[in-house]
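Engineer: Please model the entire structure based on the sequences and the hints provided.
So the protein lines, in turn, are chains A and B.
Per the UniProt record's numbering: the first sequence = residues 1 to 233.
Per the UniProt record's numbering: the second sequence = residues 1 to 310.
For the record, the hints were derived by calculation from the structure and aren't laboratory data.
Computed footprint of chain A on chain B, listed as stretches where at least three residues anywhere in the stretch have a Cβ under 8 Å from a Cβ of chain A:
1) 123–131
2) 242–253
In silico lysine-lysine, DSSO-like type, Cα no more than 30 Å apart, as pairs:
3) B:167 <-> A:227
4) B:167 <-> A:228
5) B:180 <-> B:167
For each residue, glycine too, the CB sits at the ideal point set by N, CA and C.
Each chain, letter by letter, is given below.
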Amino acid sequence: MDFSFLTDPRYDFLGAFWMTIQLSFWSALGAFVLGVVLAAMRVSPVPLMRGFGTAYVNIVRNIPLTVIIIVMSQVIAGTLGLRLAVREPGVNPQGFLDSQNFRLAVLGFILYTATFVCEAVRSGINTVPPGQAEAARAIGLRFTQVLGIVILPQAIRAVIAPLGSVLIALIKNTTVASAIGVFEAAALMNLYIENEADKFPATFLAIAVGFVIITLPIGLLFGAWAKKVGVKR
Amino acid sequence: MSGNATVLYDHPGPRAKARNLVLSVLFGILLVLGVWWVVDTLIDKQQLTAAKWSPIVDWQNWETYLLPGLWNTLKAAFLALIIALPLGALFGIARLSDHAWVRWPSGIIVEFFRAVPVLILMLFAFQFWFLVTGVSSPLAGVVIGLVLYNGSVLAEVFRAGILALPKGQTEAAQAIGLSKSQTMLSVLLPQAVTSMLPAVVSQLVVIVKDTALGGLLIGYVELRRTANTMGSFYGNLLATYTVVAVIFILVNLALSWGAGALERTLRNRRGGRTATVLLSGLEGPMAGGARNAAVLPDPNAPGMEPEQRR
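Structural biologist: If you want it as structure tokens, here you go:
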């Protein structure tokens, strides 16, 4: 197989995967924060917050990510005019479009992935046996203490492995950003198919191995980490 | 969810009740403000006018755009599922083989296709189909791409389902002199299939959502794509995409509800004596086996400590 396209200056192979990593990093950060907030809402004693958390998760999780990302670009930014970057008059708008599309994609990934983070965290809280909370309350700890020093430290340990799976799914999902003009790995693959059709199986293999190289260490790392800190029951 | 959530805090006393009320009111005000801001923005951008929403209630548009799109979405999802199921069973069993030369290659294939994004797999399948048959077929691209990924995920479901069965089943089968393939085909597999049915239906939700990827780079005319055509034609993308989202949510909620009902039925029918594979977060490589698919073991079975499931 001919892998000459890897060193061809017309294709920025490393740049495309660097974009995938950037998308994943900012989306993971935002999704983790929003997901934990949603999980806190879903176990809170306030019925309205519980209801909101449940509704948000059940609605957003069931919409295809493709729809969310396209809506971000065409409806939220296009129709409703949301601007996430500054457009300076008289300057080539490409720079504006690049950061605008990147930020829209990240926002879409955050809104979608947060539902899976929420469910992972919530199931982690559910793995802590009720006796733990009952014992903590029996010795007179307050709710914040029960949650902070008894439940959450155990729950977070149980959550590491599923969160690793969510992160890997997110990294693969960033390929959808190619739909709104973010040049990452899937967009590069598409370009290869158009321009380098004769080198076809090799182009696919290169992109696929790129993803394996990113996701495999993450899977191993989270697996080992979860094993190390996991609570034996 | 109330079962465990209530464990976190006591039955509220007078002070806690007052605090919860204050929090409810504050959060309620925030929600109302948020909704008001959204509605205000929509009115401001003239998105709530009759002209924007009337195409939605026009039957003609459902016949031209939405229903054919939905049909294509469901068709691709269903085809992908029925092709992925036997493949998944095959690779799931192969990964449990006693022969290293069967176990290793199938393990590598399964982990590889789970690590590659479905969109990339669809591009690959589309191009591959074109090179082999000389015909460009978006449907083939979508279905093969989905089969490669979901076949690998289902292989892990099968494997987890077989591993979750009590060891006594294998031992009893061997004791009466069944061969390894007889044990697998007539003892283990039939039991594993019933316990993993709910997980398979849940996977169908993932497949339905992923068909929308087919409309992006390889041009499969599914629901999202036909809706985009309709929304662009009428200049009402917001209204059309709202309808698309609602359709997807209803289809997927119905599937999830079906999976839940199936799980309850199976558990009741077997008197709670069978293990049920609950697929949660079975995504990505190295997430395999009993570690990731949460398995509810038969509490009466001897020797079913979590560590012994392998």
